[in-house]
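Student: So the chains spell out like this:
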Amino acid sequence: MARILVIDDEAPIRQNLARFLALEGHQVIQATDGRMGLDAIRAHKPDFILCDVMMPHLDGFEVLAATQADPSLRGIPFVFLSASAEPEKLEAALQQGATGYVTKPFNLAHLRQLLATQLANLSPKPVSTLFPT
Amino acid sequence: MHHFDEAGFSSATYKVLYQIAERATTEETLFEFSGALHRLLAELIPAKNLYLCLLSEQPGRLNFPYYVDERDGDSMQELDVPMRLGLTEFVLRTGVAELIDQPRYLALQRNGEITQATGDLTFNSWLGVPLHIKGKIGGVLTVQSYDNSVSYQASDAHLLSFVARHVSTAIERKQSYDALRAAHVELERETRQRRQSETMYRVFYQLAVRAAEGDSLHDFSARVHELLGQLMLAPNCYISLCDVARRLKHFPYYVDERDGDTLQRTDVPMRLGLTEFVIATGRSQLVDQTRLAQLQADGLVTQAQGDLSFTAWLGVPLHIRGTVDGVLAVQSYAEGAVYTEADAEVLAHVAHHVSGAIERMQAYEAMHRSEERYRLVIENVEEGMIVLQGEHIVFANARASEIARISREEFLTVGFLHRVHPDDHALIQERRRRRLAGENVINHYQIRLLQPDGTIQWLEIGVTVVPWEGQPATLTFYSDITDRKLLEQELHRTSSEREAILNSALVGIVFSRSRDYEWVNDKFAEMVGYSRDELVGQSSSLVNASQAQWEQAGAETRAALANVGTYTAERQLRRKNGELFWAHLAGRCVRHLDPDSGVIWTFLDITGRKQAEQEIRDALDRQKELNELRSRFVAMTSHEFRTPLATILSSAELLKYYGDRLPAHEKAEVIQSIESSVQRMTRMMDRVLLIGKVEAQMLEFNPERVDLVALCLSLAEEARAQLPDSPCVLRTDFADDVGSGHYDEKLLGHIFGNLLSNAIKYSPLGGDVCFRAYSHGSDMVFEVTDNGIGIPADEIAHLFESFHRSSNVGNIQGTGLGLAIVKKSVDLHGGRIEVRSEQGRGTCFTVRLAIQLH
Numbered sequence: 038m039a040r041i042l043v044i045d046d047e048a049p050i051r052q053n054l055a056r057f058l059a060l061e062g063h064q065v066i067q068a069t070d071g072r073m074g075l076d077a078i079r080a081h082k083p084d085f086i087l088c089d090v091m092m093p094h095l096d097g098f099e100v101l102a103a104t105q106a107d108p109s110l111r112g113i114p115f116v117f118l119s120a121s122a123e124p125e126k127l128e129a130a131l132q133q134g135a136t137g138y139v140t141k142p143f144n145l146a147h148l149r150q151l152l153a154t155q156l157a158n159l160s161p162k163p164v165s166t167l168f169p170t
Numbered sequence: 004m005h006h007f008d009e010a011g012f013s014s015a016t017y018k019v020l021y022q023i024a025e026r027a028t029t030e031e032t033l034f035e036f037s038g039a040l041h042r043l044l045a046e047l048i049p050a051k052n053l054y055l056c057l058l059s060e061q062p063g064r065l066n067f068p069y070y071v072d073e074r075d076g077d078s079m080q081e082l083d084v085p086m087r088l089g090l091t092e093f094v095l096r097t098g099v100a101e102l103i104d105q106p107r108y109l110a111l112q113r114n115g116e117i118t119q120a121t122g123d124l125t126f127n128s129w130l131g132v133p134l135h136i137k138g139k140i141g142g143v144l145t146v147q148s149y150d151n152s153v154s155y156q157a158s159d160a161h162l163l164s165f166v167a168r169h170v171s172t173a174i175e176r177k178q179s180y181d182a183l184r185a186a187h188v189e190l191e192r193e194t195r196q197r198r199q200s201e202t203m204y205r206v207f208y209q210l211a212v213r214a215a216e217g218d219s220l221h222d223f224s225a226r227v228h229e230l231l232g233q234l235m236l237a238p239n240c241y242i243s244l245c246d247v248a249r250r251l252k253h254f255p256y257y258v259d260e261r262d263g264d265t266l267q268r269t270d271v272p273m274r275l276g277l278t279e280f281v282i283a284t285g286r287s288q289l290v291d292q293t294r295l296a297q298l299q300a301d302g303l304v305t306q307a308q309g310d311l312s313f314t315a316w317l318g319v320p321l322h323i324r325g326t327v328d329g330v331l332a333v334q335s336y337a338e339g340a341v342y343t344e345a346d347a348e349v350l351a352h353v354a355h356h357v358s359g360a361i362e363r364m365q366a367y368e369a370m371h372r373s374e375e376r377y378r379l380v381i382e383n384v385e386e387g388m389i390v391l392q393g394e395h396i397v398f399a400n401a402r403a404s405e406i407a408r409i410s411r412e413e414f415l416t417v418g419f420l421h422r423v424h425p426d427d428h429a430l431i432q433e434r435r436r437r438r439l440a441g442e443n444v445i446n447h448y449q450i451r452l453l454q455p456d457g458t459i460q461w462l463e464i465g466v467t468v469v470p471w472e473g474q475p476a477t478l479t480f481y482s483d484i485t486d487r488k489l490l491e492q493e494l495h496r497t498s499s500e501r502e503a504i505l506n507s508a509l510v511g512i513v514f515s516r517s518r519d520y521e522w523v524n525d526k527f528a529e530m531v532g533y534s535r536d537e538l539v540g541q542s543s544s545l546v547n548a549s550q551a552q553w554e555q556a557g558a559e560t561r562a563a564l565a566n567v568g569t570y571t572a573e574r575q576l577r578r579k580n581g582e583l584f585w586a587h588l589a590g591r592c593v594r595h596l597d598p599d600s601g602v603i604w605t606f607l608d609i610t611g612r613k614q615a616e617q618e619i620r621d622a623l624d625r626q627k628e629l630n631e632l633r634s635r636f637v638a639m640t641s642h643e644f645r646t647p648l649a650t651i652l653s654s655a656e657l658l659k660y661y662g663d664r665l666p667a668h669e670k671a672e673v674i675q676s677i678e679s680s681v682q683r684m685t686r687m688m689d690r691v692l693l694i695g696k697v698e699a700q701m702l703e704f705n706p707e708r709v710d711l712v713a714l715c716l717s718l719a720e721e722a723r724a725q726l727p728d729s730p731c732v733l734r735t736d737f738a739d740d741v742g743s744g745h746y747d748e749k750l751l752g753h754i755f756g757n758l759l760s761n762a763i764k765y766s767p768l769g770g771d772v773c774f775r776a777y778s779h780g781s782d783m784v785f786e787v788t789d790n791g792i793g794i795p796a797d798e799i800a801h802l803f804e805s806f807h808r809s810s811n812v813g814n815i816q817g818t819g820l821g822l823a824i825v826k827k828s829v830d831l832h833g834g835r836i837e838v839r840s841e842q843g844r845g846t847c848f849t850v851r852l853a854i855q856l857h
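Chains as they are written, first to last, in the working numbering: chain C, 38 to 170; chain L, 4 to 857.
Note that these hints are calculated values from the structure, not bench results.
Glycine included, C-beta positions come from ideal geometry on N, C-alpha and C.
Treat the hints loosely; a few may be bogus.
[To be verified] Now the in silico label distances, taken between C-beta atoms and shown as ranges: (1) C:38 x L:812: 39 to 45 Å; (2) C:134 x L:812: 52 to 58 Å; (3) C:80 x L:737: 42 to 48 Å; (4) L:748 x C:153: 51 to 57 Å; (5) C:153 x L:837: 39 to 45 Å; (6) C:38 x L:685: 52 to 58 Å.
Construct the complete structure from the given sequences, taking the supplied hints into account.
Tutor: This is how it looks when you write it as structure tokens:
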């Protein structure tokens with residue numbers, strides 16, 4: 038079981054993710070925008086972060102940058118869930134320290150596999166998935 | 004067969020001997036006599052080779068006055084050779100006739116009698132007899148033969164001894180004649196000296212006459228030389244003039260029997276020669292071989308040139324203009340020639356005349372040259388030149404005659420004024436009077452001549468007062484400018500036509516000087532909205548957009564005109580009414596690269612073109628903006644579709660894989676989220692389709708009866724529902740008179756749906772969103788007000804354009820289509836939409852639609 042933080046301003050998606058992760062046996066923390074997400078990271082130091090890109094207040098990249106800037110948070114696997122499928126965004130994300138970039142709409146089975154891999158690995162390797170490609 | 008007397012000679016021999024004796028008494032030279040003797044002797048004995056030897060006056064030396072030898076030639080016919088142990092000397096010693104053949108010669112050689120014989124010594128037979136002169140042995144007469152068939156005999160010796168007596172007589176006679184002649188020469192010399200002073204005066208007179216005759220220096224020198232000969236021994240003579248400063252000398256005259264006249268040349272470097280020695284000492288120098296040797300030994304004369312074997316040399320200095328500038332020298336190679344102090348005095352006297360003549364000649368030549376030059380200039384100037392003194396023309400050059408068509412005689416007798424045009428008479432007279440009175444009168448002006456054929460000739464004249472032979476006179480230069488004048492008149496005549504052409508030109512034309520308008524055409528005046536009179540004389544700053552621009556353009560323009568000669572630019576100018584317009588202007592200097600000579604400008608009004616350019620630029624900018632917006636739209640729609648799709652997919656998978664483990668209420672929520680997502684996608688689709696219609700002008704307007712309050716309330720509710728997480732409070736306020744009317748319900752839905760959802764969406768921090776409706780006059784007024792992020796003031800103009808989104812939207816999602824649809828919908832209703840906004844404070848949209856009750 039892991040503590041997983043879900044950051045997304047789109048309530049239906051965030052809620053579905055929370056349901057899925059809970060059903061998978063994880064502890065889920067939800068944040069509705071970037072700023073709240075960053076607060077939650079600092080407060081809870083989750084084992085895994087799933088983060089939207091386009092959000093009010095702070096966008097996903099800003100959250101990632103803040104996380105990477107903090108040595109105590111840098112090691113947390115950080116996977117983007119993004120509605121933009123542009124390859125430049127994916128590249129930028131991985132370059133800036135994200136451990137994964139998953140495009141919406143996503144496949145739950147795929148997400149579960151990704152989680153399993155990254156949680157099992159102490160030094161997670163970046164994984165990217167574009168779906169549909 | 005010969006007949007011999009007691010001397011043993013035949014009569015034929017006597018006959019020849021007699022002839023010899025006869026020749027011995029004539030006044031022939033010894034050489035001539037010897038020649039005759041040789042010929043006659045050859046009739047008696049073999050005498051192909053004969054020579055005569057005499058003791059010299061100097062002891063121990065010999066002369067050979069005659070020496071003819073088939074082998075030796077006459078090379079040994081020399082004077083004054085030292086005696087040695089030769090054949091001749093042997094005879095002189097023995098004093099008897101000696102007959103020598105080769106065996107005897109060898110014997111004499113061996114016993115040391117003859118060891119130094121010279122000449123060809125391979126003779127077969129040699130015969131020498133002594134000559135007895137004044138009782139002593141004084142010489143030897145010799146014959147010899149190289150022919151082996153000829154051997155002299157005792158009889159030959161006898162005969163030759165006899166002949167020798169005659170030769171002795173001839174020699175004795177000759178010697179006494181020479182003595183007599185010497186006495187005679189001495190006498191003559193004394194006589195000459197007596198005559199010399201007379202001759203000298205005559206010669207000096209002739210020299211003086213000659214010097215005044217203006218001969219060239221060479222001719223004069225030749226004459227001097229000739230006259231000198233009457234005064235002294237002067238076969239050779241030269242004159243050297245020196246440029247001491249430049250260390251050069253030249254020889255205007257050089258005649259020498261040995262050197263020829265090869266040294267008669269100029270620019271000979273000065274060196275340590277005899278000429279230089281005279282110049283250095285500044286006085287006469289008498290030089291003979293002894294003195295020359297002395298001077299050479301003393302290092303005073305070491306570089307003398309020419310034949311230096313003279314017997315006597317005399318040089319005297321030439322004093323020209325007070326300095327020693329040259330040398331007059333004579334010399335002689337003749338034996339016994341001697342110059343004396345008296346000669347030096349005479350030569351110095353001659354030198355004085357020569358110096359004077361040279362000075363005069365140089366002065367004359369200089370004057371002549373300068374006069375020549377002066378005359379050359381005067382006669383070849385392009386202008387006519389006349390000098391007027393009193394009432395007379397005292398000088399006129401050839402060109403003056405040529406131009407004015409007045410002969411030189413006519414100038415000098417009648418003058419010039421009679422040819423001047425009557426209208427210009429008074430002017431000329433008046434100016435002349437005032438000029439001579441010392442007044443300051445204009446010096447350059449134009450006058451007319453009236454030629455006899457009736458033609459008028461224009462002259463440009465320049466007048467100055469000059470002294471002429473000590474008296475004031477006026478010097479007038481003139482040139483013919485008739486052609487130029489005619490051109491000017493022609494130009495003047497056609498200038499009105501030209502102006503008409505320039506005025507009908509389609510471009511503005513301006514002539515300006517120092518940035519002031521001197522002339523403008525009608526088109527330019529029309530262009531800038533001033534009259535031509537208002538422009539002429541004004542500075543060009545009058546029509547420039549601003550003073551700063553005018554000043555900056557001035558420097559740039561001037562630089563271009565001065566460096567390139569032309570200048571073109573597009574510049575904004577200001578019309579009289581203040582309106583700015585674009586003009587293309589091109590300028591060119593009147594005189595190439597000289598802006599001060601004036602500049603011709605052409606102006607073209609290019610406002611239309613500038614506007615078109617601006618429109619194209621705007622359109623391009625718009626296109627660029629549009630492309631940017633379109634790409635943003637694509638990204639946006641992608642996001643807008645992917646988000647609900649993510650909800651739908653995740654919901655479907657949750658139900659599929661975890662459906663049995665989900666509580667019922669959650670299952671219902673998941674299903675509900677699928678429905679809303681589908682609706683959201685549908686709305687999105689509608690919008691995209693709608694904007695497609697809007698862009699294609701295909702949006703339909705179908706008014707029908709609409710309950711406004713009910714519609715507005717439901718729209719408000721829908722907007723709120725779309726953004727359930729917003730912290731905004733939505734209030735509605737509809738006046739009582741808001742009832743129903745004829746509107747297109749769909750379009751009203753677009754209008755207020757968008758305005759309301761925007762208000763909520765762009766108020767992320769919450770606040771009130773107020774939806775009001777009321778009637779005002781003939782309009783129904785709707786207001787949507789929020790306390791949101793506002794719209795930047797400079798973007799309001801583009802607010803209703805498709806895909807346009809304000810720069811301050813941040814991460815707030817949107818398509819940039821809503822307000823474009825709103826605007827189009829309002830337009831279709833014939834209504835108006837206004838917006839008031841303050842960034843950071845909020846926005847208020849006001850829509851006015853005509854009240855349509857039916």
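Student: Hints first: check each against the structure and report whether it holds.
Tutor: Against the structure, the hints come out as follows:
1. C:38 x L:812: 39 to 45 Å: Between residue 38 of chain C and residue 812 of chain L, where Cβ atoms are some 40 Å apart, the hint holds.
2. C:134 x L:812: 52 to 58 Å: violated (27 Å)
3. C:80 x L:737: 42 to 48 Å: holds (46 Å)
4. L:748 x C:153: 51 to 57 Å: holds (54 Å)
5. C:153 x L:837: 39 to 45 Å: Once the Cβ atoms are compared, 58 Å apart, the range 39 to 45 Å for residue 837 of chain L and residue 153 of chain C is violated.
6. C:38 x L:685: 52 to 58 Å: violated (40 Å)
Checked against the numbered hints given earlier, the structure breaks hints 2, 5 and 6 and satisfies all the rest.
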